[in-house]
Amino acid sequence: MHDELLHQVYEAVGADLYAYIERVCANDADADDLFQESFARLLGSDFAGDNVADSRRYLFRIATNLMRDRFRWSRRWGFTVLPELIGRAPESRYLDEIDAHRALATLKPRQRALLWLAYVEGMTHDEIAATVGVGSKSVRVLLSRARKEILNQLGEHLS
Amino acid sequence: MSRRSCPSPHELVKAIRNDTLGSDVQAHAESCPECGETLSLVSRLQAASQPSENMPSFESLRWNIRARAILDASRRRHHRATGPLRSFHLAAGLSLLAVVLFIMIAPFVAPNAFHGLVSVGPLPALVAAAMGTHLIALGRDRLHG
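Chains as they are written, first to last, in my numbering: chain A, 5 to 163; chain B, 1231 to 1375.
Calculated directly from the structure, the hints in this document are not laboratory data. As the structure is a prediction and not an experimental result, all values here were calculated from the model. Yeah, the Cβ is synthetic: ideal placement off N, Cα and C, and Gly gets one too. Errors might be hidden in some of the hints.
As the list claims (entries may be wrong) - Not the full set, but computed from the structure, chain A residues with beta-carbon under 7 Å of chain B: (1) 6; (2) 8; (3) 14; (4) 22; (5) 23; (6) 33; (7) 40; (8) 43; (9) 44; (10) 62; (11) 122; (12) 126; (13) 128; (14) 145; (15) 148.
Stated by the list, open to error - Across the chosen pairs, the derived CB separations fall in these ranges: (16) A:33 to B:1249: 51 to 61 Å; (17) A:57 to B:1327: 56 to 66 Å; (18) B:1362 to A:9: 23 to 33 Å.
The task is simple: from the sequences and hints, build the whole structure.
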């Protein structure tokens, strides 16, 4: 991949990818590292995509794999609550829009990733399955659970 | 709009992102609890989707990637250069192991004093050779970093 295309990809995908990594990792240092690593892997791979859309999907997949590896290594992929939230009562509800990321932070990293890909990136179940590396049917179930959990955290009772 | 024609979340997200959310969808979301929830969730998550100012600039990203590439190449070169040395270490280690096993087995294989003498006789030479090889390998390793 040449510099010009890399720049195009950075301009088109960079901010979305960084926001995704930042919200799922909930750690700025990790986010920086994984963001750069994702681009480095894209450059170092034999990925033949020559358009931004393909690169976008590929980058999100790389970033998700990197985060999964990092969380798996530190045994946090399944369970994470940010230190700043530990002191809060479990029944706390985050009603402000600004607090959406705090509600996200109380979820498991994989749930955050699923919600982000579905409701921010607007990916279909098949695209999420390819990105996260689980079956399409599993995405439906996992996403439904994650959705229920975040709505519970956000205090959504519209029904 | 009936329940059957509820827009999928990814359609809703794309409409919100492109600012093309039609009034019919909004009206539907007000009457359909599930779509209302989805719309609310999408709006809230979108509100939290702005990346922080810490995002590396393109220049910084490019330099970091180059620096990583140089570091990786250097690591690979070092790995290649130290390959024979690692083989040397392995050979020295295996020689030592063989000597130790020989010392342990010799008395059982040659209980007769004469045979034992023959078997154990070359031991000091073998130990010296193995230790020497190992020390040379260690010294070369230190020398080459």
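Hint check results:
With its C-beta approaching chain B no nearer than about 12 Å, residue 6 of chain A sits outside the 7 Å limit, and its interface hint is violated. Interface hint at residue 8 of chain A: violated, since its Cβ lies 11 Å from the closest Cβ of chain B, which is beyond the 7 Å cut-off. At about 5 Å, the closest approach between the beta carbon of residue 14 of chain A and any beta carbon in chain B falls short of 7 Å, and the interface hint on this residue holds. A least Cβ separation of about 4 Å between residue 22 of chain A and chain B falls short of the 7 Å threshold, and the interface hint therefore holds.
Look at residue 23 of chain A: its Cβ gets to within about 4 Å of chain B, closer than 7 Å, so that hint holds up. With its C-beta approaching chain B no nearer than about 9 Å, residue 33 of chain A sits outside the 7 Å limit, and its interface hint is violated. Interface hint status for residue 40 of chain A: upheld, as the beta-carbon distance to the closest one in chain B is roughly 5 Å, under 7 Å. Annotation: interface hint on residue 43 of chain A holds; nearest CB of chain B at approximately 6 Å, less than 7 Å.
Here the hint on residue 44 of chain A is kept, as its CB sits about 5 Å from the closest CB of chain B, short of 7 Å. At its closest, the beta carbon of residue 62 of chain A sits 16 Å from a beta carbon of chain B; the interface hint therefore is violated under the 7 Å criterion. Given hint, residue 122 of chain A at the interface with chain B, holds; its Cβ is 6 Å from that chain's nearest Cβ, closer than 7 Å. This hint holds: residue 126 of chain A has a C-beta 3 Å from the nearest C-beta of chain B, less than the 7 Å allowed.
Evaluation of the residue 128 of chain A hint against chain B yields a held restraint, the C-beta minimum of about 5 Å falling below 7 Å. For residue 145 of chain A, the suggested interface contact is broken, since its CB lies about 15 Å from the closest CB of chain B, more than 7 Å. Because the beta carbon of residue 148 of chain A sits about 11 Å from the nearest beta carbon in chain B, more than 7 Å, this interface hint is broken. Taking the beta carbon of each, residue 33 of chain A and residue 1249 of chain B are about 34 Å apart, not inside 51 to 61 Å as hinted.
For the hinted restraint 56 to 66 Å between residue 57 of chain A and residue 1327 of chain B, the CB-CB distance of approximately 57 Å keeps it satisfied. A beta carbon spacing of about 57 Å between residue 1362 of chain B and residue 9 of chain A contradicts the range 23 to 33 Å that was offered as a hint.
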